[in-house]
Amino acid sequence: MDSPTFTSDPSPGWNRCLAACLGALGIGALLLFAVVIAVDPYDSGRFGLFGIDGVDDRNTQTATVSRARDPQFDSAVIGNSTAQLLNPADLSQATGLRFVQLYLTGGSAREQLAVLDFFLRNHPRVGALVIVADPFWCGHERVAPRPGEFPYWLYGSSSLAYMARLLSWPAIEHVSQRISIGLGWRKRNDPDGFFSYEDIWLPGTFRDTNRPRDPAPAATAAGRDNFPDIALLDDVVKRLPVSVSVVLVVPPTFNTTVAKPGTPAAAERETCNRALQRTVAGRPYSNFINYRIENALTRDLANFADHIHYRPIIASRMVKGIAESIRLGEAAKIDF
Amino acid sequence: MLFNDYPFLLGFLPAAILLCRLADPYPQLRIWTLVLLSLAFYALGNPPFIVLLVLSILINWLAALAYARTKLPVIITAAIVADLAVLAVFKYTNFLGYNLGLVLGRPLPLLDIALPLGISFFTFHHIMYLVDLRKGKAPVYPLGRYALYIAFFPQALAGPLVRWSQVMEQFGRGIYVPGWQREFCLGISFIAMGLFEKIFLADRLARIIDPIYARALLGPVVNGDAWLALAFSFQILFDFAGYSDIAIGLGLLFGIKLPFNFNAPFRSTSIQDFWQRWHITLMLFLRDYVFNPLANTRILPRRFFPVQYFIAMLLTMALCGLWHGASWTFVLWGTLHGCALVICSLWRRYGPRLPVLLGWALTVAFVLLTAVIFRAGTLDAALHIFQGLAVPPNLEPSRHLVPVFIVPLVAFLLPASQDIIERLTRKPRPWLAALVGIGLLALLIELGERNVNGFAYFYF
Numbered sequence: 000m001d002s003p004t005f006t007s008d009p010s011p012g013w014n015r016c017l018a019a020c021l022g023a024l025g026i027g028a029l030l031l032f033a034v035v036i037a038v039d040p041y042d043s044g045r046f047g048l049f050g051i052d053g054v055d056d057r058n059t060q061t062a063t064v065s066r067a068r069d070p071q072f073d074s075a076v077i078g079n080s081t082a083q084l085l086n087p088a089d090l091s092q093a094t095g096l097r098f099v100q101l102y103l104t105g106g107s108a109r110e111q112l113a114v115l116d117f118f119l120r121n122h123p124r125v126g127a128l129v130i131v132a133d134p135f136w137c138g139h140e141r142v143a144p145r146p147g148e149f150p151y152w153l154y155g156s157s158s159l160a161y162m163a164r165l166l167s168w169p170a171i172e173h174v175s176q177r178i179s180i181g182l183g184w185r186k187r188n189d190p191d192g193f194f195s196y197e198d199i200w201l202p203g204t205f206r207d208t209n210r211p212r213d214p215a216p217a218a219t220a221a222g223r224d225n226f227p228d229i230a231l232l233d234d235v236v237k238r239l240p241v242s243v244s245v246v247l248v249v250p251p252t253f254n255t256t257v258a259k260p261g262t263p264a265a266a267e268r269e270t271c272n273r274a275l276q277r278t279v280a281g282r283p284y285s286n287f288i289n290y291r292i293e294n295a296l297t298r299d300l301a302n303f304a305d306h307i308h309y310r311p312i313i314a315s316r317m318v319k320g321i322a323e324s325i326r327l328g329e330a331a332k333i334d335f
Numbered sequence: 000m001l002f003n004d005y006p007f008l009l010g011f012l013p014a015a016i017l018l019c020r021l022a023d024p025y026p027q028l029r030i031w032t033l034v035l036l037s038l039a040f041y042a043l044g045n046p047p048f049i050v051l052l053v054l055s056i057l058i059n060w061l062a063a064l065a066y067a068r069t070k071l072p073v074i075i076t077a078a079i080v081a082d083l084a085v086l087a088v089f090k091y092t093n094f095l096g097y098n099l100g101l102v103l104g105r106p107l108p109l110l111d112i113a114l115p116l117g118i119s120f121f122t123f124h125h126i127m128y129l130v131d132l133r134k135g136k137a138p139v140y141p142l143g144r145y146a147l148y149i150a151f152f153p154q155a156l157a158g159p160l161v162r163w164s165q166v167m168e169q170f171g172r173g174i175y176v177p178g179w180q181r182e183f184c185l186g187i188s189f190i191a192m193g194l195f196e197k198i199f200l201a202d203r204l205a206r207i208i209d210p211i212y213a214r215a216l217l218g219p220v221v222n223g224d225a226w227l228a229l230a231f232s233f234q235i236l237f238d239f240a241g242y243s244d245i246a247i248g249l250g251l252l253f254g255i256k257l258p259f260n261f262n263a264p265f266r267s268t269s270i271q272d273f274w275q276r277w278h279i280t281l282m283l284f285l286r287d288y289v290f291n292p293l294a295n296t297r298i299l300p301r302r303f304f305p306v307q308y309f310i311a312m313l314l315t316m317a318l319c320g321l322w323h324g325a326s327w328t329f330v331l332w333g334t335l336h337g338c339a340l341v342i343c344s345l346w347r348r349y350g351p352r353l354p355v356l357l358g359w360a361l362t363v364a365f366v367l368l369t370a371v372i373f374r375a376g377t378l379d380a381a382l383h384i385f386q387g388l389a390v391p392p393n394l395e396p397s398r399h400l401v402p403v404f405i406v407p408l409v410a411f412l413l414p415a416s417q418d419i420i421e422r423l424t425r426k427p428r429p430w431l432a433a434l435v436g437i438g439l440l441a442l443l444i445e446l447g448e449r450n451v452n453g454f455a456y457f458y459f
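The listed protein sequences derive, respectively, from chains A and B.
For the first sequence, numbering that gives the first Met the number 0 begins at 0 and goes up steadily by one.
For the second sequence, numbering that gives the first Met the number 0 begins at 0 and goes up steadily by one.
Please note that the accuracy of each hint is not assured.
Label-pair distances were calculated between CB atoms; the ranges are [as the list claims (entries may be wrong)]:
(1) L30(A) x Q386(B): 36 to 44 Å
(2) K237(A) x L216(B): 16 to 24 Å
(3) P9(A) x L17(B): 21 to 29 Å
(4) P9(A) x N295(B): 43 to 51 Å
(5) P263(A) x G218(B): 26 to 34 Å
Hints in this document: simulated from the structure, not taken from any laboratory.
Just so you know, these numbers come straight off a predicted model, no measurement behind them.
By construction, the Cβ of each residue, glycine as well, lies at the ideal position given by its N, Cα and C atoms.
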């Protein structure tokens with residue numbers, strides 16, 4: 000090409016330019032990578048050298064990894080925001096176990112299974128697992144992972160996949176947060192992960208949003224009993240030692256979204272409930288509790304922030320039922 | 000494989016540079032090393048269609064060889080017809096079927112046809128070479144050199160469209176000759192510039208604009224957001240100019256100087272000026288291989304030459320539109336630009352001279368408005384955007400709208416990227432080179448979030 004841009008110039012200064020450019024790139028990348036690796040930006044337990052505890056992060060997708068590996072807990076509540084109001088301290092007090100809250104805001108069943116897997120890999124001894132199975136779990140087909148939305152690489156077992164994600168602005172931002180925690184300039188999140196949405200959705204208000212996302216009915220009769228996420232959960236539960244209590248909970252919703260008996264929607268729901276029930280049937284100190292029923296509590300608007308997010312009055316009843324189930328298994332008397 | 004993704008930037012590219020460095024002392028290996036790398040690049044991103052690319056190279060090369068021996072023009076004609084037929088099958092079958100269905104009054108079934116990446120570009124490369132071969136301008140080249148002309152990976156997927164005469168003699172030269180360090184510095188600068196244009200300008204705008212066009216497919220966009228949709232022209236400019244700059248930069252790392260594709264098109268003061276600055280290599284191809292034959296072949300009597308000239312202009316631009324996609328919206332977009340070029344030609348001859356600022360404003364307004372038709376997907380969606388322009392724009396300050404103001408300013412005020420780079424590399428400045436290195440690191444960090452968007456022109 001005839002262009003002044005492309006004129007050849009063999010002067011040795013260009014050698015220095017090339018060295019400066021590639022040097023800045025290479026040395027900068029190495030230094031940055033070394034700092035990020037050493038700080039362990041998400042407190043995932045990989046490579047960290049400075050012993051900084053916890054994160055200051057309101058994004059549950061990234062913050063949960065720190066809590067899910069915390070050795071001071073032996074039991075976990077797993078779900079999405081429909082599990083958020085179950086206070087792990089109350090559960091710990093009622094059961095004598097040490098509960099951590101591992102909810103993921105808007106988390107799908109696939110994402111919750113990734114958190115469950117990470118928790119189990121990081122806890123050789125588990126006391127109890129509480130899985131809050133909202134309608135996501137009743138899908139007849141698995142929801143495909145949403146690219147870039149959930150950091151599966153953070154919860155996976157591959158250190159290489161993890162390291163490949165560390166040169167990113169969010170990771171660098173987390174490095175600065177963690178260094179601030181290490182220096183005592185910032186407070187870390189509460190270790191047990193409890194965060195009440197009542198601080199945002201004030202008591203006495205009801206928002207006509209967040210209707211439960213019940214999945215589409217099965218396309219064929221053969222597919223009606225097919226719940227791929229529950230099947231995966233079933234595999235995990237079967238591999239657990241019998242000493243581990245497993246309580247599967249269907250969270251309550253405002254009564255207008257509870258399927259009327261005799262309708263196809265109610266039949267769909269019942270099939271899903273049976274699949275969940277089978278997962279823990281016969282297992283010691285384990286139970287299935289369906290709180291998605293119509294009763295005085297779910298008919299009262301004051302007990303809900305919206306169609307799926309219940310208030311503390313319901314949460315405390317659920318905590319009691321869960322604790323009772325951990326003590327007595329299927330014989331537990333559920334007061335709801 | 001995308002130029003703006005880790006597998007390419009941190010895997011394929013360093014490996015390719017290393018292999019070419021090893022092959023460089025052996026002249027007989029240079030071309031085939033690049034050919035194999037280019038085929039590997041295509042196969043990694045487009046596995047089933049590597050066979051199509053290889054067959055396309057072999058058949059066209061054999062046709063050139065046969066023509067050189069027999070001098071039978073029918074061989075060249077047959078090869079070009081075959082090239083265009085393959086392009087038509089992959090790109091236009093469903094478009095033809097849909098319209099045939101409308102004519103027959105019963106819809107025809109749509110076929111599930113995937114578009115091989117880069118098919119338009121390698122078809123045009125074949126045509127340029129074969130036409131020039133028939134005119135006696137081009138010689139017959141060995142298979143390796145011809146294969147590299149078609150498949151050279153920096154430009155195989157989306158250009159720049161390169162004349163055989165611009166690169167054939169560059170292929171096979173040593174890369175690491177005195178002065179190669181400056182070529183590398185230039186190459187890295189072009190790659191950094193291209194990544195910046197793509198990631199920080201085009202993709203940032205796309206995040207704002209794409210939802211608006213998605214809404215336009217469903218109904219009128221009436222809340223003032225339609226004005227934001229006009230920024231699509233800037234998005235596509237920096238998307239494609241970014242790609243072209245990366246391609247030019249990559250070419251330099253392998254010792255090949257590719258032609259520039261953009262020259263600050265939003266500083267144009269007429270639509271003619273615009274088309275001399277936008278996708279330059281495509282417009283040169285259309286001028287030499289479509290417009291000139293249409294305008295200069297004696298079809299109408301001599302006294303009607305101006306009529307034939309303007310019809311050729313309209314047809315060329317309509318074909319330009321159709322090349323961009325198998326849809327009537329693209330044809331309409333091209334035809335509107337053809338009309339504008341005709342009006343501009345007539346105005347220059349018979350009309351008063353327009354003030355430069357007015358010419359610039361009219362050109363920009365025309366380009367922005369017609370780009371809505373280009374982007375909208377359907378005529379209804381375009382109308383939904385145009386209806387939305389009746390509502391005043393929502394000018395409430397919002398951080399997320401910053402790109403809508405910054406990116407057009409960059410397009411209006413800054414010179415073309417090659418001019419910026421030329422000014423910055425007149426003499427060696429190590430501190431500036433170090434800054435480019437740090438800038439590249441920042442771009443790689445941005446890519447670390449994995450929000451990688453494909454280049455728009457891959458689909459044309």
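Quick one: are P9(A) and L17(B) within 21 to 29 Å, going by C-beta?
23 Å, holds
Tell me if the beta carbons of P263(A) and G218(B) are separated by a distance inside 26 to 34 Å.
Since the Cβ atoms of P263(A) and G218(B) sit about 32 Å apart, the hinted range of 26 to 34 Å holds.
Is 36 to 44 Å respected by the C-beta to C-beta distance linking L30(A) and Q386(B)?
54 Å, violated
Lying within 16 to 24 Å: is that true of the beta-carbon distance K237(A) to L216(B)?
For L216(B) against K237(A), whose Cβ atoms are near 47 Å apart, the range 16 to 24 Å is violated.
Using the Cβ atoms, figure out if P9(A) sits within 43 to 51 Å of N295(B).
45 Å, holds
Figure legend: structure checked against the earlier numbered hints; hints not met, in rising order: 1, 2.
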